[in-house]
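Protein chains in written order, with numbering that gives the first Met the number 0: chain A, 0 to 137; chain B, 0 to 137; chain C, 0 to 137.
There could be a bad hint or two in this list.
To be verified - Here are the simulated SDA-like cross-link-like pairs (lysine to any residue), alpha carbons at most 25 Å apart as the crow flies:
| # | chain 1 | residue 1 | chain 2 | residue 2 |
| --- | --- | --- | --- | --- |
| 1 | A | K4 | C | R124 |
| 2 | A | K4 | C | P70 |
| 3 | A | K4 | C | W113 |
| 4 | B | K4 | A | T112 |
| 5 | C | K4 | C | T34 |
| 6 | C | K4 | A | V2 |
| 7 | B | K4 | A | T34 |
| 8 | B | K4 | A | W113 |
| 9 | A | K4 | C | V109 |
| 10 | B | K4 | B | P125 |
| 11 | C | K4 | B | R67 |
Hints are computed from structural coordinates only; laboratory data are not their basis.
Okay, here's what each chain looks like letter by letter:
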Amino acid sequence: MTVQKSIAAETSGHGDMQDITGQIAELVSASGIRTGIANVFVVGSTAAVGAIELEPGLAHDLPALFDRLVPPSRSYGHEQAWHDGNGHSHLQATWLGPSLSVPVHNGAPVLGTWQQIFLLECDVRPRRRNLIVTVVGE
Amino acid sequence: MTVQKSIAAETSGHGDMQDITGQIAELVSASGIRTGIANVFVVGSTAAVGAIELEPGLAHDLPALFDRLVPPSRSYGHEQAWHDGNGHSHLQATWLGPSLSVPVHNGAPVLGTWQQIFLLECDVRPRRRNLIVTVVGE
Amino acid sequence: MTVQKSIAAETSGHGDMQDITGQIAELVSASGIRTGIANVFVVGSTAAVGAIELEPGLAHDLPALFDRLVPPSRSYGHEQAWHDGNGHSHLQATWLGPSLSVPVHNGAPVLGTWQQIFLLECDVRPRRRNLIVTVVGE
């Protein structure tokens, strides 16, 4: 069985982390699939998804870490193509990745007690994001 | 067809890398699924899974690399929430990720000759870990 | 339904990024699967796959970023095992990862307008690569 739905999100700009666990759990529950895999994918090259304990400290730390190691700069080659100052956004998003797959058990995503699925905006301005959730199983 | 099983692992603490390839291959073989995808997911926010040539040199190099770029520190925002000195554990685990999907072919995971699936403990103390292996296919 | 095919690629050496989106889209289309997940996996420990806007600037920036943060060096522990100067290749490939899962919708992989699936060669010499594309769905 395969069920696919999309989630829309409005981000506030660079470093915005949003908890999308509840929306994914609802989609999984409504899918009728009890056992399987849920894949979460954000469309576009300057956002990423992942799993974290999404408390305010780490919601600060993760984007700060990316900006320290993959800093904003006008010297990226990407700047030659677009001149929009978001070379670091692309690199951060690619490195973390646009896709996360989590197991589905008893009709719910399996996560730790302090583990959430997040959307990270890496672009330098607010964006409207489209996420695709695909659940396969039985 | 969908088959899901869990694997328990006892880790020795920060930087412990364990080869879980054999256990995953056994589960895949026992599943009866010949062609498909096997997803491996570690529950919890301070451990990660991935693929590597798991020889002693790289088992040292990968945790050392993470500790160089994402170092232990009491200055992470996460420290304000828990005061348990594992902010870097969360950041390292999130960046590498809790999930790996590998193809299943002829009833076995497809891997290179020198390629293993590993569990990496990022937390600062020994932990009992629960991994979920989900195989979908036919 | 499950369909699995392989893609062969010849890389030119360290930092070579290749756009494999077209080949994956063809396989997905030919699979007859309209809705599901496509998993792309590169066999071997010194190459990675991911998603990026694959224009010449970023095709330079991403390997350059990896070489800055995870530099070539003879001081990796891995050098003790093989003496072949590719410790950084293993670490870069593991960190980015060998696997990407993207949704399939209307018989095609879902990607942004400026978003491509790439193979990144991390090894220090040209390699013949084998990628496995597995599509599950209906």
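Right, here's what the structure says about each hint:
no. : hint          : verdict
1   : A:K4 / C:R124 : violated (42 Å)
2   : A:K4 / C:P70  : violated (41 Å)
3   : A:K4 / C:W113 : holds (22 Å)
4   : B:K4 / A:T112 : holds (20 Å)
5   : C:K4 / C:T34  : holds (17 Å)
6   : C:K4 / A:V2   : holds (23 Å)
7   : B:K4 / A:T34  : holds (11 Å)
8   : B:K4 / A:W113 : holds (22 Å)
9   : A:K4 / C:V109 : holds (12 Å)
10  : B:K4 / B:P125 : holds (23 Å)
11  : C:K4 / B:R67  : violated (39 Å)
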